[in-house]
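With the sequence shown counted from 1, adding 45 to any position gets you my numbering.
There may be inaccurate statements among the hints.
[Unchecked claim] The calculated DMTMM-like cross-link candidates involving lysine to aspartate or glutamate, where the alpha carbons are at most 25 Å apart (straight line), are:
(1) K168 / E157
(2) K156 / D197
(3) K168 / D197
(4) K147 / E157
[Unchecked claim] Cβ pair distances, simulated, as ranges:
(5) R180 / S107: 16 to 26 Å
(6) L127 / D91: 16 to 26 Å
(7) N196 / D91: 27 to 37 Å
(8) N196 / K94: 26 to 36 Å
(9) R93 / K168: 26 to 36 Å
(10) K94 / K195: 14 to 24 Å
(11) A192 / R125: 30 to 40 Å
(12) D197 / D91: 18 to 28 Å
(13) N128 / K189: 24 to 34 Å
(14) D91 / Q198: 29 to 39 Å
(15) I148 / S190: 28 to 38 Å
(16) L127 / A207: 19 to 29 Å
(17) R125 / K189: 27 to 37 Å
By construction, these hints were calculated from the structure, which means they are not laboratory data. Source: prediction; values computed, not measured. The C-beta atom is built at its ideal place from N, Cα and C for all residues, glycine as well.
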Amino acid sequence: MIYDGHHSNMINTADQNTAVISQNFQKNQAGSGAKNSKNKGIPYLDVRKFTQKLHSMSSATSTKKCARSIRIALQSAGARILNHPVAAADWGHTLQTIGYKKINPSFDNPKEGDIYIIHRTQKHIYGHIAAYTGRQWVSDFRQKSHAVYKNDQVRYTYYRLA
46 MIYDGHHSNM INTADQNTAV ISQNFQKNQA GSGAKNSKNK GIPYLDVRKF
96 TQKLHSMSSA TSTKKCARSI RIALQSAGAR ILNHPVAAAD WGHTLQTIGY
146 KKINPSFDNP KEGDIYIIHR TQKHIYGHIA AYTGRQWVSD FRQKSHAVYK
196 NDQVRYTYYR LA
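Make the full structure from the sequences, and use the hints.
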């Protein structure tokens, strides 16, 4: 079972699936008088801190807490996540709220900080979430590849920081 929360929190989780997030915003480097700043209003997330924290927390084998690991690493890198979904499969909206954009899967050319979600399957009801550290895919464990389920019918959603 892959989830980010205690089993007693699973009751009425529909209300928890809406992410309430506040973000740090990059300060306008040119000062308050500048117009049309490219940084104005863009969420700040330090990708290097994110991937380093994720790698430092990971183990050699799964602890079945992939969403928790991703959340903690995102928070350590500047994301202010106040409420979050329990299941890894439900993290898409949360990622988009903190500045990620959904893109076509790019497993052959991942960039540091990219995140993918595996949708629910009958066998894996919570799905899976992992990020690329620049060297490998990591969730709660250091993965050999993005394909962690032995099922070629799984569906992926892929995200990249905008």
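Hint-by-hint comparison with the structure:
1. With a C-alpha separation of about 29 Å, the suggested pairing of K168 with E157 is violated against the 25 Å cut-off.
2. Restraint check for K156 and D197: the C-alpha separation of about 23 Å stays at or below 25 Å, so the hint holds.
3. This hinted pair checks out: K168 and D197 have alpha carbons roughly 13 Å apart, not beyond 25 Å.
4. With a C-alpha separation of about 15 Å, the suggested pair K147 and E157 falls inside the 25 Å cut-off, and the hint holds.
5. A C-beta distance of roughly 19 Å is found between R180 and S107, which places it inside the suggested range of 16 to 26 Å.
6. Separated by about 19 Å at the C-beta atoms, L127 and D91 satisfy the suggested range of 16 to 26 Å.
7. Range check, N196 to D91: about 34 Å between beta-carbon atoms, so the 27 to 37 Å window is met.
8. Between N196 and K94 the Cβ separation comes to about 33 Å, which falls inside the hinted range of 26 to 36 Å.
9. Look at R93 against K168: about 35 Å separates their beta carbons, and that is inside 26 to 36 Å.
10. Between K94 and K195 the CB atoms are about 33 Å apart, so this pair departs from the stated range of 14 to 24 Å.
11. As the Cβ distance of A192 to R125 is approximately 32 Å, the hint placing it in 30 to 40 Å holds.
12. A hinted range of 18 to 28 Å is violated for the C-beta pair D197 and D91, which are about 35 Å apart.
13. The hint said 24 to 34 Å for the Cβ distance between N128 and K189, and at roughly 33 Å that hint holds.
14. A beta carbon spacing of about 36 Å between D91 and Q198 agrees with the range 29 to 39 Å that was offered as a hint.
15. Between I148 and S190 the beta carbons are some 19 Å apart, a value that contradicts the proposed interval 28 to 38 Å.
16. Checked against the hint of 19 to 29 Å, the C-beta distance between L127 and A207 comes to roughly 21 Å, which is consistent with it.
17. Range check, R125 to K189: Cβ separation about 33 Å, and the 27 to 37 Å hint holds.
In summary, the structure is inconsistent with hints 1, 10, 12, 15 from the numbered list given earlier, while agreeing with the others.
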